[in-house]
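J.: Residue numbers (our numbering), protein chains in the order written: chain A, 41 to 333; chain B, 970 to 1126; chain C, 9 to 779.
Because the hints were derived from the structure by calculation, they are not lab data.
Among the clues, some could well be false.
As a list, the in silico DSS-like pairs of lysine-lysine whose alpha-carbon atoms are at most 27 angstroms apart [to be verified]:
id : chain 1 : residue 1 : chain 2 : residue 2
1  : C       : 129       : A       : 87
2  : C       : 82        : C       : 14
3  : A       : 69        : B       : 973
4  : A       : 46        : C       : 82
5  : C       : 82        : B       : 973
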Amino acid sequence: MSPQAKGTLDEYRAPATLAEAAEALADGKGTVLAGGTDLMLQAEAGKTPYRGRLVNIRRVAGLRGVTEDGGTIRIGALTTVTDLLNDPLVAEKAPVLAATADKFASSQIRNAATVGGNICNASPAGDMILPLLALDARVELASWRDGALATRTVALDGFFTGPGATVKGPEELLGAVLFETPPAGRTARFVKSGPRPALEIATVAAAIAMTVDGGTLRDVRLALGAVAPTPLRAKRTEALLEGETLDGDLIARAAETVAGEVNPIDDVRATAWYRKHLVTIYVRRLLQDDGKG
Amino acid sequence: MTAKVEIEFTLNGRPRRVTVPADMSTLTLLREELGLTGSKLACGEGECGACTILVDGVSQNACLMFAVDCAGRDLLTIEGLRTEDALHPMQRAFVDHGAIQCGFCMPGMIMQAKYLADTTPGLTREGMRRGLEGNVCRCTGYKKVFDAVADAAGIDG
Amino acid sequence: MDPIAKKSVIGGRVPKPDAPDKAVGRTRYINDMVLPQMLYGRILHADRPHARIVAIDTAEAAKLPGVHVVLTGKDMPRMLFGVNRDNRPLKGDKVRCIRDEIAAVAAESEEICDAALALIKVTYEDLPAVFDPAEAMRPGAPAVHDEKPDNLSLAYRFDHGDVAAAEAESDVVLDDVFDVHYVTHCCMGTSCAIADFDTDGKLTIYSQTQYPYNFKMDLAPALGMHPGDIRVIQPPVGGAFGSKLDVYPYEPVCVLLARAARRPVKLTFSREEEFINAPTRQPARIHLRTGAKADGTLTFRDVDCLLNNGAYTSWGPTTPYVMMRTFSSHYRVPVVRFHSQAVYTNNPYAGSFRGYGNVQATYATASHMDMLAERLGMDLLTLSLKNAQESGEVSPQGSVLADCAFAECLTVAAEKSGFLEKQARYAAARNTPGRIKRGIGLASSIHNAGGAKIHKSDGCGTIVKLDDYARCTVITGASEIGQGIDAVLCQVMAEELGIPMSDVTIVNNDSAIGPWDVGVHASRTTFIAGNGARRAAQKARAQILKAASHQANMPPEGLDLREGWVVLDHSGEPVVKLDRLLRQMHFQKDSELVMVTDYYEPPSEEERPGHVGDMSAAYSHAVHVAEVEVDTETGEVRVLKVTSAQDVGRIINEMGLEAQVEGGIVMGLGYALSEHLLIQDGRVRNPNFRDYKVFTAPEVPEMDLHFIESHSQTGPMGAKGIAELPTIVIAPAVANAVYNAIGIRFKAPPLTPEKVARAIWDRDHGAVAAE
């Protein structure tokens, strides 16, 4: 790798507040350091060169932790995957996030990797993204506008524009991810390819959120990983399931629909055939309350 | 020109002050600047765990951690684990259970094992196996590692 | 003083003496070393599999501050090395595979090296490439080496008896092709060398080599040096597993950089380089025909083996030497025909890797035995016992199976695992509902366990020195690569000399000090170096007891050494303290120091023409039973339990033995299920631990190990070599278990989830099975 391709870091900042962080990114020449599990590797490989200034946000106050306020759960960008695994609020209100965290990389990576980083990294196989998509999450983007901190909120569905690419501008900082507290009776599950329990880049992963109302499916959200250039909401399959009665016939039709809805590629991890094969299996398992994988 | 940053931190119980380039990894800082070669470079991608250290008591792959981010932290490496007189019980268990063959992965394995034992109340054998999933060993087949960790961490069975 | 009773340390559980230093991070591995004035070296590898090198422009690289030396193959004479003398340190004329070393840089740091490599401009003229050995054999195929237009590298033939006649007598003939894949060692310490010249032009190379003495011989031609002017120092290494049994180009390149720079140079592979440029296990396409009578008696094996040689020749293409012994000696086979060819292609190339051909061959033979049992309607245990040799039998290649415990290994493994009962139960459950299916499979093999006489000598030199404090130094030719010969030698010294193991120091890291040895390979070190050390210790013991006998006025036979004392053998009554006696022996006019040498040559033979000869001083068997769970939807295979019965001769260090067997099994499980170095169009597609999947902690099955002690007449204290069999046997046991679970035979490992899922899908949808 040519050293030029990794870009430069001729300045370092370690802001203490969100406003300072946003200011440090204002000219679009900042590279954000959060968990750091991908940053150095991607820069060294020339995939995402350093932009000139390393902005270490790890000391920004208030960016780590899970809180609930007025029926909305807020996960700070610096919340680690291990935090999700151990958080009592997550365990009570959104256990699918802990279940996903349990399938995420290794202990050391879980200790470092942040929710914000996993979203901004925008890998088509990013595990944490899928349950958040299924929970209709949105992200808060902070920036420095006209001498003040500004924020905008963007739905996670639509946030991703390609592998490693999002609608977030280089001057923006993802501060938090938010979603409405799932009401009682809402089910959410996550399933990921093995056979290793966690330390895998998913060949296929999938998450679902749904409400089963007297046998009828409501508000179905199905998110799929590693079957498209971005994490994917399977909206045709969702529409097929919406308002229908959950039975064997419906599950079979859902599996058929989802196979037609994804267009995966052959790569070093799997063929397109196997990815489609797994997607249909996982959709069946998610609907059959067999998310163990 | 890569920015150089002066940082202060605690390393194996002693305060340190160093100046590091902004793009340097903590593993490079430890191995090449500070001469602590116990933490190993085996993949440099966070995939093998041979560089595992504890940062504020939490295990991290030093190869992925920016050295500038050590500022204000408390780092423990394999070199700092033993006391003056004796091996740490986790180190002792690895020796006594025959868990060390070529040994190259073992500094990272031992640090991760210590993290699991320190931070997991009621650690089970299955939890231990999961907790070690990020540490690759090519010699032992892990069995003796499990025996050592179970012994040192007081896991039954 | 009280009498001292006789105690033995043989069979104990002994930690490796180097373990405490390794546990505290104090051990200075070669990868950790820095010499004063040291520069760093890096290699520019080719980025294409086959091309003429038209021009290399290094001018910009040489001008970069911090760069000391830039070398290309154009700068140096053709210095050929390797098994076929077909490799060069730096390639000047053409590229034959993506590993090819085009240029090298020595600079003040690795970062500067990388910057310099990026400034080197190479002009290539691409050539048509060939990657499949069958295609490479066809007339008109691109020639990998211009001087070898037929691309043939190495061929082996072994013929014993009349296959046609044996076939005519057979009731059943199985005919299958097994295609075994590329895997790589994944040593945790990546490849590394440090070269340093003195002012007289003599070289010291710090190396990870497993064979320091012949390493000098093999390295010298790549440098145009005399082997005697090379000193090999072996710092601790992060694993080897056979990968360091040859000279690979990075080593002479490192030396050439140091010579040009007149400074020490260290060259270390990145992990990505390690995956791409370090040797692999030899892949093979094995066409095996096995004949048997209706009662299960094997009648013949007929084998054609085609090997992808890759672009250059290291040990990989010589593995048929070992494969043929599996085909001729794994079970009683009266008629054997084995032909193999290794054919040059533009692929990367293979070296030796734990099991050395036997991993590949046993995948075929052990799969075929399972298939044969089903075909004949016999159970595999009965079939195996019927064809298992007994002590004293001689195989068609002349292997004399003394102290043979094959049948006992079969019986123990089958009984302890409940093999027959479970196999019948799981087969019956195959077509019942449920997506998770269980299966159990049994496999066995034979391997040399008393060295392998592939050279004129298979010997090992030992020097044993006892100093005036009765501390013992063992200077041995045998290398330590993590396998644990250090602990074994401490035990042998303690046993023979009556001293604590902690009083023994092993010196085996400097070719200028150590006596000659073949190297760490062929499961030979405990057997060969153990025998040698024991003989040396016995010489020292005799010298000591002779001196003591004068003092005690007692014949030496009546004395013994125990706990640092010379004692009366019958009563244990102390006579004189050993250190005191040694001082008396040493500190006098014309004394003879207690410093003895031994060269142990095992009682084995080099093969005669026709590949017949008793090439090892002992043979051993292992039997594995694997129990698996198959998810018939996703194709994921989980190994639940492995039961192993292995003939170990005699247990010396029980803990080290277990560790070798456990490690070997888990390494072999990776071969069976998850590890596959994907090489497509000559390029490695998965050069990282993300996509090259070695087994990790949560995947490890329960392991139930049984050691059968056959008490080898030739081994040290009765021990046999043990280290390779666990890796050899496990993969076909897993494949047989998967067959038991789902009824599909996989003739091409690894059994990845996709491969298994695809095969099930194809079967259920009427397609021909994928494999």
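J.: Please flag the earlier hints that this structure goes against, numbers listed from lowest up.
T.: 2, 4 and 5
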